[in-house]
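J.: These are the residues of each chain, in order.
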Amino acid sequence: MKYLDEYRDQRLAATLVDEIRRTVTRPWTLMEVCGGQTHSIVKYGLDELLPVQVELVHGPGCPVCVTPLEMIDRAHAIARRPGVIFCSFGDMLRVPGSHGDLYQIKADGGDVRIVYSPLDCLKLARAHPQRPVVFFAIGFETTAPANAMSVWQARAQGLSNFSLLVSHVLVPPAIAAILESPRNRVQAFLGPGHVCAVMGWSEYEPLAERYRVPMVITGFEPIDLLEGILMAVRQCEQGRATVENQYARAVTREGNVEARKMIGRVFEVCDRAWRGIGVIPLSGYRLRPEFHAYDAERIFDIQNVHATEPEICISGQVLQGHKKPHDCPAFGTQCTPQTPLGATMVSAEGACAAYYNYGRHLAQVSR
Amino acid sequence: MQDFAFSCPLPITARETIVLGHGSGGRLTAQLVHDLFLPAFDNEFLRKLDDQAILNLGSARVAFTTDSFVVTPLFFPGGDIGKLAVHGTVNDLAMSGARPLYLSAAFIMEEGLPLDELSRIIASMAEAAKAAGVTIVTGDTKVVNKGSADKLFITTTGIGLVPDGVSISASNAQPGDKVILSGTIGDHGMAVFSRRENLELESTIESDTASLHLLVQAMLAAGEIHSLRDPTRGGLATSLCEIAGSAGIGVEIQARRIPVRQEVQAACEILGMDPLFVANEGKLVAFVAPAAADAILAAMRGTTEGRDAAIIGEAVSAHPGMVLLKTEIGGSRILDLPFNEQLPRIC
Numbered sequence: 003m004k005y006l007d008e009y010r011d012q013r014l015a016a017t018l019v020d021e022i023r024r025t026v027t028r029p030w031t032l033m034e035v036c037g038g039q040t041h042s043i044v045k046y047g048l049d050e051l052l053p054v055q056v057e058l059v060h061g062p063g064c065p066v067c068v069t070p071l072e073m074i075d076r077a078h079a080i081a082r083r084p085g086v087i088f089c090s091f092g093d094m095l096r097v098p099g100s101h102g103d104l105y106q107i108k109a110d111g112g113d114v115r116i117v118y119s120p121l122d123c124l125k126l127a128r129a130h131p132q133r134p135v136v137f138f139a140i141g142f143e144t145t146a147p148a149n150a151m152s153v154w155q156a157r158a159q160g161l162s163n164f165s166l167l168v169s170h171v172l173v174p175p176a177i178a179a180i181l182e183s184p185r186n187r188v189q190a191f192l193g194p195g196h197v198c199a200v201m202g203w204s205e206y207e208p209l210a211e212r213y214r215v216p217m218v219i220t221g222f223e224p225i226d227l228l229e230g231i232l233m234a235v236r237q238c239e240q241g242r243a244t245v246e247n248q249y250a251r252a253v254t255r256e257g258n259v260e261a262r263k264m265i266g267r268v269f270e271v272c273d274r275a276w277r278g279i280g281v282i283p284l285s286g287y288r289l290r291p292e293f294h295a296y297d298a299e300r301i302f303d304i305q306n307v308h309a310t311e312p313e314i315c316i317s318g319q320v321l322q323g324h325k326k327p328h329d330c331p332a333f334g335t336q337c338t339p340q341t342p343l344g345a346t347m348v349s350a351e352g353a354c355a356a357y358y359n360y361g362r363h364l365a366q367v368s369r
Numbered sequence: 164m165q166d167f168a169f170s171c172p173l174p175i176t177a178r179e180t181i182v183l184g185h186g187s188g189g190r191l192t193a194q195l196v197h198d199l200f201l202p203a204f205d206n207e208f209l210r211k212l213d214d215q216a217i218l219n220l221g222s223a224r225v226a227f228t229t230d231s232f233v234v235t236p237l238f239f240p241g242g243d244i245g246k247l248a249v250h251g252t253v254n255d256l257a258m259s260g261a262r263p264l265y266l267s268a269a270f271i272m273e274e275g276l277p278l279d280e281l282s283r284i285i286a287s288m289a290e291a292a293k294a295a296g297v298t299i300v301t302g303d304t305k306v307v308n309k310g311s312a313d314k315l316f317i318t319t320t321g322i323g324l325v326p327d328g329v330s331i332s333a334s335n336a337q338p339g340d341k342v343i344l345s346g347t348i349g350d351h352g353m354a355v356f357s358r359r360e361n362l363e364l365e366s367t368i369e370s371d372t373a374s375l376h377l378l379v380q381a382m383l384a385a386g387e388i389h390s391l392r393d394p395t396r397g398g399l400a401t402s403l404c405e406i407a408g409s410a411g412i413g414v415e416i417q418a419r420r421i422p423v424r425q426e427v428q429a430a431c432e433i434l435g436m437d438p439l440f441v442a443n444e445g446k447l448v449a450f451v452a453p454a455a456a457d458a459i460l461a462a463m464r465g466t467t468e469g470r471d472a473a474i475i476g477e478a479v480s481a482h483p484g485m486v487l488l489k490t491e492i493g494g495s496r497i498l499d500l501p502f503n504e505q506l507p508r509i510c
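So the protein lines, in turn, are chains D and A.
Numbers 3 to 369, taken from our numbering, label the letters of the first sequence in order.
Numbers 164 to 510, taken from our numbering, label the letters of the second sequence in order.
For the record, the hints were derived by calculation from the structure and aren't laboratory data.
Idealized CB from N, CA, C, for every residue including glycine.
You can trust all of the hints, since none of them are fake.
Cross-link-like lysine-lysine pairs, in silico, DSSO-like; alpha carbons within 30 Å at most:
hint: 1; chain 1: A; residue 1: LYS293; chain 2: A; residue 2: LYS314
hint: 2; chain 1: D; residue 1: LYS325; chain 2: D; residue 2: LYS45
hint: 3; chain 1: A; residue 1: LYS293; chain 2: A; residue 2: LYS305
hint: 4; chain 1: A; residue 1: LYS309; chain 2: D; residue 2: LYS125
hint: 5; chain 1: D; residue 1: LYS125; chain 2: D; residue 2: LYS108
hint: 6; chain 1: D; residue 1: LYS45; chain 2: A; residue 2: LYS489
hint: 7; chain 1: D; residue 1: LYS108; chain 2: A; residue 2: LYS314
hint: 8; chain 1: A; residue 1: LYS489; chain 2: D; residue 2: LYS325
hint: 9; chain 1: D; residue 1: LYS263; chain 2: D; residue 2: LYS125
hint: 10; chain 1: D; residue 1: LYS45; chain 2: D; residue 2: LYS4
hint: 11; chain 1: A; residue 1: LYS489; chain 2: D; residue 2: LYS4
hint: 12; chain 1: D; residue 1: LYS108; chain 2: A; residue 2: LYS309
hint: 13; chain 1: D; residue 1: LYS108; chain 2: A; residue 2: LYS305
Here chain D is said to cover these stretches of chain A; the calculated rule only asks that three of the stretch's residues, wherever they fall, bring their Cβ under 8 Å from a Cβ of chain D:
hint: 14; region: 425-439
hint: 15; region: 486-494
Looking at chain D on its own, in the form it has when it is part of the complex (with noise of 0.2 Å):
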C-alpha cells in the first residue's frame, strides 16, 4: 500500500541496519519514548536485526500502562453506576482494576462502550439526554486535542450529561524523570513522533541541552524506526546531543498550533501519577475551572476511591528503562496477557505485551 509499503522495504532495512553497524563502535542505549514504537519494534522484529552495541529499552509512552490504578478504579466505579454510558477507547477495556475489569462491568449489566473518538460521545449525550455520558480520557498529549475539543464542544451545544474522566500525561517531564533517576541508563531518545505532531519538538530542546543527551523525534514505521536509531547512534558517536526530527513528513518544530490552543483553551498543567512511578509533579493535564461542570471526578462521588497495589511485578522499573520484561521472574509464566499482573503485559502496547506476544522466541539476551 502506497505510503506504507515504502516505510516496510526490506532493502531499504537492510541498509539501515548495514549503516547503523558502519556508524557504531561502542554499546549504546537507547529509549524508544512510545509503546507504538516498542509494538512496532517488536512486531516486525527490529531488533534481531540491530548490532549487539545497540540496546533499545522500552519508556513509559503506552497511556494505558501508565494510568493509576486508582484512576482505573475510579474509572470502574463511575461505570458501575445505573444509568451512566461509560465510554473508553477499546484496550481500556481489559486492563484490570481491583476489582475486575470493564469487560466484567459490561457482563455484569453495565453500559460500556468503545468509542473511537471522544466526540461520538457527545452523540451519544445528544441520543440519551437522561443519561450521564462519561469519556475516559487518558493518554498523551496526542489525545488531549481531541478530549479538548469535545468539552469545547459540549459546552458550545449546551449539553449538561457528558464529562470527562481525566488522566493526561505529558512525555517531557516523564523524560526528565527518567534522566534526573539516579539508576538512569538511557544515553539517547526516539522522541515521541504522534506527541510531537501535536506539540513540535521545542520543549524537547532544552532537555537534550540540560542533559547533554540526543534526541531523535521519530515514526513508527520500521524504516522510521531505523532511521531514527541510527541518527540518534550518529549523535552518540559524534558526541553531540541535539533535537533531530526523523518523522518530518508529520512534525514540525511549533507542532499543530490550533490542536495546541484548544489544549490550551480546556486543559491546565498539573501534578499527576504515573503508575508504577509514581507522583511526577506538573506532569499533566485536568480541565480548567472554567470547565469543572464536565469534570467526571467532581459529578460523581468518587474521591473515597483508593487502590493499594500489590507489591509483585517489575512494570515501573520496566518503564523507566531500568530493566526488560525478560527480566522479570513472573513474565511469560505467572503473567501473561490474559493474567496480566502489571499494566504493561495489559495493553498492546506494553513492552511485555509486545515482547510476549511477538518475540518469546528468541532467546533471553539482554541487548
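Put chain A on the given structure of chain D with help from the hints.
T.: Just chain A, lined up with the frame of chain D:
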C-alpha cells in the same frame, strides 16, 4: 526522582461469568472448551477438535457439524446472516474433504424483527443452499422477548459424505508440508466491522462469504491434503496455531506472501488491528504434501474461490506448536492465539 511504587493490579485468573472474550475464538474460547465442554462430553470425536466429526455409519463416512451465527448488522456488504449460516456449515463440512449434502436450520427471533428482513434472509439462505448444492431438510423456530436476543440468531447443522481414501485433520500436518492460503484475508471481519461501527471509509469492503467445497474438491483431485481449516473468527493466525498445536509441528509463514486487500489493510492500519487475526468466511488454509503443492496451487487458482491462492510458508520440525512469522523487513515474530477480541488501539 522518587523511588517507584511497584504498582500492580490483582490478576484476573478466573472469570465467574461469561465475557465477550469467551466468544473471540482465541484463548478464552479454547479455555472454555478445554475446561468445561471437553471433560463433560469427552469422546474420541470431540477430542480431535476439528471443525467437524467424522462418523462411520455402516459403510459410509459421514461428516457432521454445527455452527451458530450471530452478527450485527444482519446485512453487510457482500452478504447477510443467512448466507453466512449456509456457507459456514458447508465450509466446516468441506474442511474434512466431505461433499456437503443436507442442512438443518434453527432460528431464534427477537420480538419486533421486521418480517421483511426475515424474508430477505430466508431467500438469501435458499439461494446460497441451492448454489452450494445442499438441501435444508429440517428446522426450528423460536421467538424470544424484545431484548432477549439481538434480532436474529441462526444455527445450522450439516452432514456430508467423505470420499474413500480422504483423511484430513489438523493433526495430520507434517514437517515439510507447504502451507497454502486460498486468497486475501480479513475481508469479512473488516466488512462487518466497518458497517457496524459506521466507519466512513472511501471504498466499501465486501465480505468474502462463499462456499468452499468445490475448491476443496478441485484440490483433492490434484494431490494429497493433510490439514484444512477455514480461518473464521480469530483469523488466519488462530487457524495456524490450532494446526501447529494439534499436529505438534512448527509453522513458518512469510508475511510478504500473505495477500491482503489494500482497503482491508488500510482499515486495519487506521484501527490498529492485524488482518492476521480478522475473520474470513470464504477462505481456507491447507497443509499439503510438498510434492503435491504446485499441482494443488494450480488447481486452486483455476477456481473462483482460489484464484488468489498462494503458498505462504511451510511446516517445520523446529519449535513444535509455535507459529513464526517472517516479517516484511526480515525480522521474525510469534503468531499466537489471541487472548481476546481485537480492540482498536488508543493511538
